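Number of protein chains: 2
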Amino acid sequence: MAKTDPRMRAAAKDKLAAPAKAIAPREMVSPSHASARAEQERPAVLQAPTLPHTRDGTDGRTRAVIDAVLPCVDGGRFAVKRVAGDKVQITAHCFTDGHDALRVVLLWWREGEDARHEVPMALRYNDEWLADFTPPTPGRYAYTVLAWVDSFVSWHQELLRRVDADDIRLAVRTGALEIAAAAQRAAGEDRATLQQWARKLEDEAMGSRMDATELKTLALDEELTAVAQRHPDRRLETRFAADLPLVVDRERARFSAWYELFPRSAGKRAGVHGSFKDVQSRLPLIAGMGFDVLYLPPIHPIGREQRKGKNNALITEAGDVGSPWAIGAAEGGHKAILKELGTEADLRALVAAAQENGLELALDIAFQCAPDHPYVKAHPAWFKWRPDGSVQYAENPPKKYQDIYPFDFETDDWRALWQELKSVIDHWIGEGVQIFRVDNPHTKSFAFWEWCITEVKREHPGVIFLAEAFTRPKLMHRLAKLGFSQSYTYFTWRNDKASLTEYFTELAQGPGCEYFRPNPWPNTPDILHEQLQGGHEAMFKARLVLAATLAASYGIYGPAYELMEHLPRGPGSEEYLDSEKYQLRHWDWTADAGLRPFITRINRIRAGNPALHANRSLRFLPIANEQLIAYAKQSDDGANVVVTVVNLDPHNTHSGWLELDPASMGVESDQPFQMHDLLSNQRFVWQGARHFVKLDPQRVPAHIMVVRRRLRNEQDFDSYQ
Amino acid sequence: MAKTDPRMRAAAKDKLAAPAKAIAPREMVSPSHASARAEQERPAVLQAPTLPHTRDGTDGRTRAVIDAVLPCVDGGRFAVKRVAGDKVQITAHCFTDGHDALRVVLLWWREGEDARHEVPMALRYNDEWLADFTPPTPGRYAYTVLAWVDSFVSWHQELLRRVDADDIRLAVRTGALEIAAAAQRAAGEDRATLQQWARKLEDEAMGSRMDATELKTLALDEELTAVAQRHPDRRLETRFAADLPLVVDRERARFSAWYELFPRSAGKRAGVHGSFKDVQSRLPLIAGMGFDVLYLPPIHPIGREQRKGKNNALITEAGDVGSPWAIGAAEGGHKAILKELGTEADLRALVAAAQENGLELALDIAFQCAPDHPYVKAHPAWFKWRPDGSVQYAENPPKKYQDIYPFDFETDDWRALWQELKSVIDHWIGEGVQIFRVDNPHTKSFAFWEWCITEVKREHPGVIFLAEAFTRPKLMHRLAKLGFSQSYTYFTWRNDKASLTEYFTELAQGPGCEYFRPNPWPNTPDILHEQLQGGHEAMFKARLVLAATLAASYGIYGPAYELMEHLPRGPGSEEYLDSEKYQLRHWDWTADAGLRPFITRINRIRAGNPALHANRSLRFLPIANEQLIAYAKQSDDGANVVVTVVNLDPHNTHSGWLELDPASMGVESDQPFQMHDLLSNQRFVWQGARHFVKLDPQRVPAHIMVVRRRLRNEQDFDSYQ
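Protein sequence lines, in the order shown, are assigned to chains A and B. Using the numbering used here, the letters of the first sequence correspond one by one to residues 293 to 1013. Using the numbering used here, the letters of the second sequence correspond one by one to residues 293 to 1013.
One or more hints might be untrue.
All copies of an identical chain are treated as equivalent in the list; a pair is satisfied when it fits inside any one copy or across any two copies.
Capping the alpha-carbon separation at 25 Å, the derived lysine-lysine pairs in DSS-like fashion look like this [as the list claims (entries may be wrong)]:
(1) K692 - K676
(2) K631 - K669
(3) K691 - K602
(4) K602 - K560
(5) K631 - K560
(6) K692 - K508
(7) K691 - K508
(8) K492 - K676
(9) K676 - K508
No lab work stands behind these hints: they were computed from the structure. What you are looking at is a predicted structure, and each value in this text was computed from that prediction instead of being measured.
Modelling step: build the complete structure from the supplied sequences, incorporating the hints.
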């Protein structure tokens, strides 16, 4: 074959002279091939049964590979979770064969909207491409990645490295063809510019006015290059196989402090059933402590059949109020309000008053029925029946829960059941409630939750669901994947340094971190851990600090915790003695009673330090004492670094050497830095990587220190107090 | 609602009396519901736009969840790799809501065959279910998992835990309904047995002859239970979302020892071009050393245009033979044989002779052309053309490879190109070749490889492809995912203890271990690592031991390694001086020359110890000396444990304390065990967890010790020598 094809040269020149004519770039590069292809005989093998094809039917000439797009939960089966206004960072593993240049773009959109947004991705290293986007409002989004081998950029990058004059001259002619092709894809001014550039390059490369260096400069012109790059050839673009779903919540889903309260015990006098109005009068105190979610156990009529007495007794006494989780009686079920608590108007007033106090009301969703719940008569098909004609109550032999009828999610009437249960949530949303704590979601069908939460959030993307599932790890994770915004954790039973370290490292950095948002509680009405049963103030404080600083969301079962309620129903039991679950209690509501001032301080520290508003940055720090646990968190921008040290032993003072690399906090290793303990208001000037720490639990069992990179004046402190 | 429904009781009795009548089990449990459902009003919410549905359209009553099936590569996009006759262990993460019992089965089949095989899976712990299967022959298989909530097993398990007599009596009646339903699903003898059992249970539960204990015993009867379990209700079965692909190879894909040889230098006299016949005469020596794959660089006519001279010179001298990778000349291309090597008959004779010696011939697939390759004229569309009418040669500016024309995988004629390239492989398969070493696969389209390898293996499942890609990690992994059976590695550049440990841990246990089979080479014709350039025998031996024992497959570029060829082309170069790539060489073919006896011993040790036939079990052992690296491997059954210690320093004797927990090898911690060094034939009796090791590189730089759990007599040794 001749080294120079005169037809080729003539054709190329011709095209630059008449650039308005549309020319396909591939044919411009080797116009002689069209005829060569037409003339050549097809090889006999084309008749074979396995004709060349790609696995997914895309064009076989597609050479860009997108091997992975991250984050991604189970290949895109489930959504990643983020918060509106936060950057979503996307990584894609992209490459192609050989040395050609790739261009990669991130594509994102809000589900149900037509607008598609493209963000160019930048190559970091090791074929990892990076871009981010910021979803503006809560809702369901999706993203994927596109990549193509870019012949213009490939040409440009090769030209940069070319040194031989003949090579440069020939490469410039190749570039002229690339640019002419880009002109065909452009319109208006860009088109004219590119046509002119292409013509000029071809003319100069073929002439003798310019030497190779001048030619190269003209061909690499930055401005013109930018114009050409606006019109890439994307016909052989690769699209990642999956559109990855993203659930965007409002900030409270990531950062929240929950307070649980039984309205029945919020009354002003002992023995009198509390009401929504009473709760309303407690709002300033609760908000003053710095909580932002006020969660109430079920507020519905309580079953009378099989009602449990005080301390879960099988026999009730006169006046026994029963468990709020035994939902439903003749007067109503899941959409009704227990008349002692008040009316719908009272509830709406409470919702409004809470909002005025910076608090949000969270209701309990417990999808189960007392035997006298109206559903049992109206929808017998939703329950399991026994051969004796009775309804199957909840049981885990030999344990029996005769006051609870579970729904039968295998009912033929499942569609009506699902619809009705969702309508319960919709009902309370209608009353102004946007947060739900879901009782034992793992004993209801998983498929139901996926549908229900997705549908509720489609209409109300700001709604938050907390999964109260204290069950096996894979079930807890599945619930989070299916849509629960936050999840209860094993925190209550993680009590020593090793297990706390392992568990919270997993929560912060394990695969679940894309969808599982932990909400640890040091106590709940069901769980008074043995550690608290000693009633040691230091232990109550230590567990609170751990929950509040290890996780961005946490909660307490309030009055009982603040007042250090610690007596169990019996030896070995985690149940509270005289639990509010079965009876009225009367609490001390004085503002500075018990741990309230301490809790107030902790919540202020949380509010003032963005490092504590997310989980991903958590890192445990070495400290050679089994009773001292230390960890650091920092804000996304690195500006706020909080180091917490907790003494896990409520009895003894402990000390140790904390290893804290100043460089990890942006401090030069030879510079001093101030550690400001926001609990004690003490300030320590540290230098180097090893620091002595000592904690007397009788004073305060923790340091929560903010790192001050420069020694600032005292005034700085106030903003964090 | 009445506690007892007389209609229900009558219906149940009636059915037990006339069991041959077909009854749907769900309606048997509560026959009253059908009418209740028919009468009840549908709630208004059913009119809402978001009617209840599951994400994938399955029945909403489906309660079993299959959260994961492992192993799984990229959600099933790529195949897991295994070997025929080896157990494939499958884990599934399965659970359901609440306490009901699950049954889980593994489903596997060979692609293209109708037969489906079910294996019951057993619950291990943490909701992980386990089963295995053994694919009998090489080919493409698939597997997935099915699970269902089993009402019979749930009932059975609850009954086991029931203690209350009334509860037992009522539960037995429920069981009678379950068993009657199972009878409806059964046929023949099973049906009759179950009908009888159900009738008996109902009668006795309603009567007074049997007490609760006797009733329970009858209801838990093991044999009858087994019959009922054969007929489960699988109507609400869940199937895992993906069928996961599995490529099953023959054993050589997992365990192989490669020997590379340039036939051009296999001649009997210096300066005379070697031939297939010469290679044939070397087979006993190569097989005698214990290799099982003999790999030859390209055997095709070599281009004359732009041919490279000795040591890659741009100008050739008379008689220069050129690089075998510059494929194709007027007389033929990828399907032709260089006439100096012999004829097709000679090749077939070589293939046959190799086989007789226990060796398999591997050919090189290098999809690129010399300028005078017939393809260039016959298929101009398969190449890129430059504006001056010349073909674009391979280049990475400023480097140029004018003797190599790459294919243009973006050609419009890609289908014909793919078909023709595949036909090259098919051609050599037709000549009896079943193993291919593919040159630089990462510079050819990834989509092509996926199609080509899949199609070749569909017809010839025993074919093995080794990817010669020394490129970036993600590209190497992608090639392995797409189908390459084995992959070259970075081993050559992993030279110190830390990097060897990190790299081989990743290869053995990282995510790639399901599809990436490493084949490390201490040298190749392209890579003479600086470490070997000193020519130290200890270093040659150490690198060989590392490759041969760290990985189940390894290879050497033979004569050069055995004879410790070590001079580079120039300072800083990894190229061999006077490389066979560009000229003939003449080697010493004496059986005991150079390292041959040592290599022979290593390969015998490999052959005799199943621990060295796979990679997954590799564990590095602590030994406090940076120049000593130690690791253990064991066979699947744990019977064969090999501990290797290598001195990485070719100059100095090193010693250290090796930490080796006897329990990890199945030895009681207080028992002595024998370590038999198969290299030196020394035997050490060890006890406890710390053992002194000392290696003098001038004698032998490694221990390869097999653990003998009991002190056996000397004869045992022979089988491993």
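To see whether the hints hold, each was checked on the structure:
1. K692 - K676: within (15 Å within a copy, 78 Å between copies)
2. K631 - K669: within (22 Å within a copy, 93 Å between copies)
3. K691 - K602: within (18 Å within a copy, 87 Å between copies)
4. K602 - K560: within (21 Å within a copy, 101 Å between copies)
5. K631 - K560: Close inside one copy (18 Å), not across copies (106 Å); limit 25 Å.
6. K692 - K508: Intra 85 Å, inter 19 Å, cutoff 25 Å: inter-copy only.
7. K691 - K508: Between copies, since 18 Å is at most 25 Å while 84 Å is not.
8. K492 - K676: For K492 and K676, the Cα distance is within 25 Å only across copies (24 Å; inside one copy 84 Å).
9. K676 - K508: The answer is between: 22 Å across copies meets 25 Å, while 82 Å in one copy does not.
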